[in-house]
Amino acid sequence: MEKKVVVLPCSGIGKAYGEIGRQAVYELVEDLRPDDVTTTCLGRLMIDDPEAKALVQNKIVITIDGCTQDCARKTVESSGKKVECALRVIEAFKKNRDLKPEGILELGEPGFKLVHILAQRLNEEVDRLMRKEQQNV
Amino acid sequence: MSEEITLEEIKYDKVGIIPCNGEEICEGTLTRYASRKVLDKLRPGCTVTICLPLFIAGDKGEQNFAKIFPTITVDGCDKRCSQLSTERLSGKPSHSIIVSELLKAHGIKVPQSRRTLTKKDQVAVDVVAEEIAKKVDEILEENS
Amino acid sequence: MEVTHDKFIFRVKSSYLYHPDECWVKRDGEQVTVGITDFFQKTVGDVIFIELPETGTELTKGDEAGMIETIKVNVTLISPVSGTIKEVNSGLGDNPQWVNTEPYGEGWLFKMAPSDWEADKKELMEARVYFLRMEEKIKKEMAKG
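Protein chains in written order, with our numbering: chain W, -19 to 117; chain C, 906 to 1049; chain V, 6 to 150.
For reference, chain W alone in the conformation it holds in the complex (with noise of 0.2 Å):
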């Protein structure tokens, strides 16, 4: 069955928000809704790769940005595409001070128990977004 949802993070080097988000996605997409979720490279959209194109199209597009940055969130609408929904690690870190990462790559516990908390937020705005698909059906 064809997967819904795309779900890209900003991936960003310079700060740990950005392997964070990036590991919220990669346990989203091969742990949690691995039927429903997929991801690809923001890198392609912008070279305007045809197959990354085509693939964000018909689908769902969340963002998940490491920062008021939200590169990814822009990355994607300047390809042409909406984003449906677009949250930022930041946001979650917020809520969840305790869980300072422990470097920009190696998080350590504090950082992956953020990463599951982001996880499984994304995982609620694939069931939001996916029921409202279907009424609009």
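Calculated directly from the structure, the hints in this document are not laboratory data.
Looking from chain V toward chain W, a few residues come up when the C-beta cut is under 10 Å (computed):
#1 D51
#2 I53
#3 I76
#4 N105
#5 T106
Below, computed lysine-lysine pairings styled on BS3-like, alpha-carbon distance capped at 30 Å:
#6 K74(W) / K91(V)
#7 K54(W) / K942(C)
#8 K972(C) / K18(V)
#9 K972(C) / K919(C)
#10 K965(C) / K77(V)
#11 K18(V) / K77(V)
#12 K142(V) / K18(V)
Label-pair ranges, simulated between beta-carbon atoms:
#13 D78(W) / S1005(C): 31 to 41 Å
#14 E128(V) / G60(W): 53 to 63 Å
#15 E123(V) / E992(C): 50 to 60 Å
#16 E69(V) / Q115(W): 52 to 62 Å
#17 R138(V) / A1010(C): 42 to 52 Å
The C-beta atom is built at its ideal place from N, Cα and C for all residues, glycine as well.
Dock chains C and V against the given chain W, drawing on the hints supplied.
Then chains C and V, alone, in the frame of chain W:
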């Protein structure tokens, strides 16, 4: 008399590394680890990592740096997202690395997971990082 | 005024005065407005939480005047002048990122009625003096790698 500074007179002391950060395949993950290793351990002080998503989204700091200083793009695969984006937004990079090709040339197996790298995968990280560091040295030597 | 080092652009507002602990002070009639510098916000990272003093609090120059929390560090804020807190930037509760995006504007922290402005302002730097000091700090940070 006006002062003119030509490009030849500028001595570059930094090189920008632009990994693709690709999410789809493990080579994308390798670009991140290798680039950070160069920045943090192998060539601290003479390298800067450019965040490709920020670069693409229009951050002037990232784009201006790449226009002025030499850059090395590190792509996971032959889609060359980092190289093409850099050419489009700032100019031709000084050097471009494709991780999948580099690993093949060294006979190194691609890591199994895009999510986490094992101790065995560290060999792949080291090979890519050393290649980037070697190119950093060449660029700075040429420009000194 | 601004200077670029690597990919970072550091800005200094010409009309403000500066304290060595990286906060700025702007005279607004009988009050002063206080915030943190662009250099400082870049150093500490994305602000996620700010604790500010209550209105009416009396502070002596150098007293603790709140706390900034980022993903990297918790940093104590100090009061650059003596006086009474008249207003705090309540918008920072929901928008702490203003400290990063607009450190000299929307990201202001608090306003005070200074008790000894003539004495306290002598210990503040003009923008051009602070700019040179900031450049020295940046070079030292860059040299560390």
